[in-house]
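Participant: Chains A and B, in that order, are what the protein sequence lines are. Letter 83 of the first sequence, counting from 1, is numbered 83 in my numbering, and no numbers are missing. Letter 18 of the second sequence, counting from 1, is numbered 18 in my numbering, and no numbers are missing.
One or more of the hints may lead you astray.
[Stated by the list, open to error] According to the in silico footprint, chain A covers these stretches of chain B (three or more CB under 8 Å from chain A):
id: 1; segment: 7-18
id: 2; segment: 95-108
[Claimed, not checked] What follows is a set of in silico ranges between Cβ atoms, one per label pair, in the way DEER data are often shown:
id: 3; chain 1: B; residue 1: Glu22; chain 2: A; residue 2: Thr215; range: 35 to 41 Å
id: 4; chain 1: A; residue 1: Thr246; chain 2: B; residue 2: Ser94; range: 15 to 21 Å
id: 5; chain 1: B; residue 1: Gln58; chain 2: A; residue 2: Thr5; range: 30 to 36 Å
id: 6; chain 1: A; residue 1: Glu125; chain 2: B; residue 2: Ser94; range: 29 to 35 Å
id: 7; chain 1: B; residue 1: Gln58; chain 2: A; residue 2: Ile146; range: 23 to 29 Å
id: 8; chain 1: B; residue 1: Glu81; chain 2: A; residue 2: Ile146; range: 46 to 52 Å
id: 9; chain 1: A; residue 1: Thr246; chain 2: B; residue 2: Asp90; range: 56 to 62 Å
id: 10; chain 1: B; residue 1: His55; chain 2: A; residue 2: Asp30; range: 20 to 26 Å
id: 11; chain 1: A; residue 1: Asp33; chain 2: B; residue 2: His55; range: 34 to 40 Å
id: 12; chain 1: B; residue 1: His55; chain 2: A; residue 2: Phe183; range: 33 to 39 Å
id: 13; chain 1: B; residue 1: Asn92; chain 2: A; residue 2: Gln11; range: 49 to 55 Å
id: 14; chain 1: B; residue 1: Asp90; chain 2: A; residue 2: Glu125; range: 30 to 36 Å
id: 15; chain 1: B; residue 1: Asn92; chain 2: A; residue 2: Asp33; range: 47 to 53 Å
These are computed hints drawn from the structure, not numbers from a lab. Note that beta-carbon positions come from the ideal geometry of N, C-alpha and C, so glycine has one too.
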Amino acid sequence: MGKTTHFGYQQVDVEKKQGLVKGVFDSVADNYDLMNDVMSMGTHRLWKNYTIASSNVTEGDKVLDIAGGTGDLAIKYRKKVGPSGQVILSDINSSMLEEGRKNLLDHGVIDVEFVQANAESLPFEDNTFDCVSIAFGLRNVTHKNIALEQMHRVLKKGGCLMVLEFSKVENEMLEKLYDFYSFNLIPKLGGLFADDEQSYQYLAESIRKHPDQETLKTMVLDAGFGLCEYHNLSGGIVAVHKAIKT
Amino acid sequence: MFRLTLEKTLNHLINTNNIDTEGLNNKTIGLSVDEFNLKLLFMFTNSRVFVMEMHDQQNIDVDIKLNKTAFLSLFKGASFEELIESDEIDINGSVKTAQQLADLIALTSIDVEELVSHYTGDIIAHQLGKSIKLVKGKANNDKVSIVETLKNDLTTLLVAPSQSRFFNNKTH
Ligand SMILES: C[S@@+](CC[C@H](N)C(=O)[O-])C[C@H]1O[C@@H](n2cnc3c(N)ncnc32)[C@H](O)[C@@H]1O
Numbered sequence: 001m002g003k004t005t006h007f008g009y010q011q012v013d014v015e016k017k018q019g020l021v022k023g024v025f026d027s028v029a030d031n032y033d034l035m036n037d038v039m040s041m042g043t044h045r046l047w048k049n050y051t052i053a054s055s056n057v058t059e060g061d062k063v064l065d066i067a068g069g070t071g072d073l074a075i076k077y078r079k080k081v082g083p084s085g086q087v088i089l090s091d092i093n094s095s096m097l098e099e100g101r102k103n104l105l106d107h108g109v110i111d112v113e114f115v116q117a118n119a120e121s122l123p124f125e126d127n128t129f130d131c132v133s134i135a136f137g138l139r140n141v142t143h144k145n146i147a148l149e150q151m152h153r154v155l156k157k158g159g160c161l162m163v164l165e166f167s168k169v170e171n172e173m174l175e176k177l178y179d180f181y182s183f184n185l186i187p188k189l190g191g192l193f194a195d196d197e198q199s200y201q202y203l204a205e206s207i208r209k210h211p212d213q214e215t216l217k218t219m220v221l222d223a224g225f226g227l228c229e230y231h232n233l234s235g236g237i238v239a240v241h242k243a244i245k246t
Numbered sequence: 001m002f003r004l005t006l007e008k009t010l011n012h013l014i015n016t017n018n019i020d021t022e023g024l025n026n027k028t029i030g031l032s033v034d035e036f037n038l039k040l041l042f043m044f045t046n047s048r049v050f051v052m053e054m055h056d057q058q059n060i061d062v063d064i065k066l067n068k069t070a071f072l073s074l075f076k077g078a079s080f081e082e083l084i085e086s087d088e089i090d091i092n093g094s095v096k097t098a099q100q101l102a103d104l105i106a107l108t109s110i111d112v113e114e115l116v117s118h119y120t121g122d123i124i125a126h127q128l129g130k131s132i133k134l135v136k137g138k139a140n141n142d143k144v145s146i147v148e149t150l151k152n153d154l155t156t157l158l159v160a161p162s163q164s165r166f167f168n169n170k171t172h
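Can you make the complete structure from the sequences, with help from the hints?
Facilitator: Put into structure tokens, the structure is as follows:
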């Protein structure tokens, strides 16, 4: 095996990670929204709302939502940017984009563009967007630093990056509870509701392998952003990193 | 939470009143109040402002230091010139830029003392409500939609993060 990286708790060949992640999301796409609600007890909606509200996106803005999946964020951005704005939902996985299309139609949203793209090589011009966001996507990306550099590249000067991702829980008691929940209950719920225990085991493991708040902040700054700060939500179960291209 | 409330309020003011922030574009302004251990960084960009936490050694265009009284009276609309004359504000950099930020802050009519003393969702709702009242008369936009947007954003602010350091140092 050549250079390796983590895929959940397994070490895998760097070249293979992307395909394995694809397998997970192909497998969960159908039940993705239901499972999100079940696993987070609906809280993921509040986390997403928080992210959108603190992005300061406004009318006329151009917004790119990377790893946008079933389009929860894109729907909300669409409302914020109004008719003069533009929202692009991009994801590496065509099954997730397909679910996204259906979901947006169900919400009566038609004016969002879909682009199948890897976060590590974004097919957009430099300095294009007022806001770029990635929610629960970064931890699945093989080369996170490259993806962050790409996000920096496609943002306009003064543009804002929002990264919503699972993070390091602040309190020890909560951490124990959360560990129990993630490793014992989430895979079982995945088995029960989506008939897919293994994929949900990966999701739980990938959360623990993701960089903690301070490490991610350093990575964001290293990617070229002039300012970056984070807010912990739900005791650090998730964190929102907000960065500005200066 | 204070930073978020301030950021939301300022951006709503800028949007709904079409306030021209061109002169502040791409400027970073530091504002600190030692007694509150409060260090804010205002970054103006693309007709909006981001209010972040300021760290030491951060590159800023203008540095404003105020004491507690001056900070509170700024939110009550006190004259910036008078505050400067009475030596309650120390500015490093362009006074004009500092003045522009102060004018914007004065417009928010946030009752900082209230916000600091009763840190609850209701109070924040009330604060945002007040800033809506202020802009209502002037705004061209549909008032209902402004209130709706603020209400949505508010839900969000309520699930918001740990308190900032500011709130660990109560004023009274
Ligand atoms: C957990 S889902 C999040 C979906 C959505 N953002 C949300 O918050 O509900 C993760 C998404 O990341 C996508 N993804 C994984 N690796 C990616 C990559 N390298 N580039 C772009 N998207 C990727 C997956 O296809 C999947 O749709």
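Participant: Evaluate each hint against the coordinates.
Facilitator: Evaluated hints:
Counting residues of the segment 7-18 of chain B whose C-beta lies closer than 8 Å to any C-beta of chain A gives 4; at least three are required, and the coverage claim holds. Only when three residues or more bring their CB closer than 8 Å to a CB of chain A does the claim for the segment 95-108 of chain B stand; here the count is 0, and the claim is violated. For the hinted restraint 35 to 41 Å between Glu22 of chain B and Thr215 of chain A, the CB-CB distance of approximately 38 Å keeps it satisfied. In this structure the supplied range 15 to 21 Å holds for Thr246 of chain A paired with Ser94 of chain B, their Cβ-Cβ distance being about 18 Å.
The supplied range of 30 to 36 Å is met by Gln58 of chain B and Thr5 of chain A, whose beta-carbon atoms lie about 34 Å from each other. The hint said 29 to 35 Å for the Cβ distance between Glu125 of chain A and Ser94 of chain B, and at roughly 34 Å that hint holds. Separation of Gln58 of chain B from Ile146 of chain A is about 27 Å and conforms to the stated range, judged on CB atoms against 23 to 29 Å. Separation of Glu81 of chain B from Ile146 of chain A is about 51 Å and conforms to the stated range, judged on CB atoms against 46 to 52 Å.
Taken as a hint, the range 56 to 62 Å is violated for the pair Thr246 of chain A and Asp90 of chain B, whose Cβ atoms sit roughly 25 Å apart. In this structure, His55 of chain B and Asp30 of chain A break the distance hint of 20 to 26 Å, their C-beta atoms being roughly 45 Å apart. Range check, Asp33 of chain A to His55 of chain B: Cβ separation about 39 Å, and the 34 to 40 Å hint holds. Restraint check, His55 of chain B to Phe183 of chain A: a C-beta distance of roughly 36 Å satisfies the suggested window 33 to 39 Å.
Between Asn92 of chain B and Gln11 of chain A the CB atoms are about 52 Å apart, so this pair conforms to the stated range of 49 to 55 Å. In this structure the hint that Asp90 of chain B and Glu125 of chain A lie 30 to 36 Å apart at CB is violated, the actual value being about 44 Å. Distance hint for Asn92 of chain B and Asp33 of chain A: a CB-CB separation of about 51 Å, consistent with the stated range 47 to 53 Å.
In summary, the structure is inconsistent with hints 2, 9, 10 and 14 from the numbered list given earlier, while agreeing with the others.
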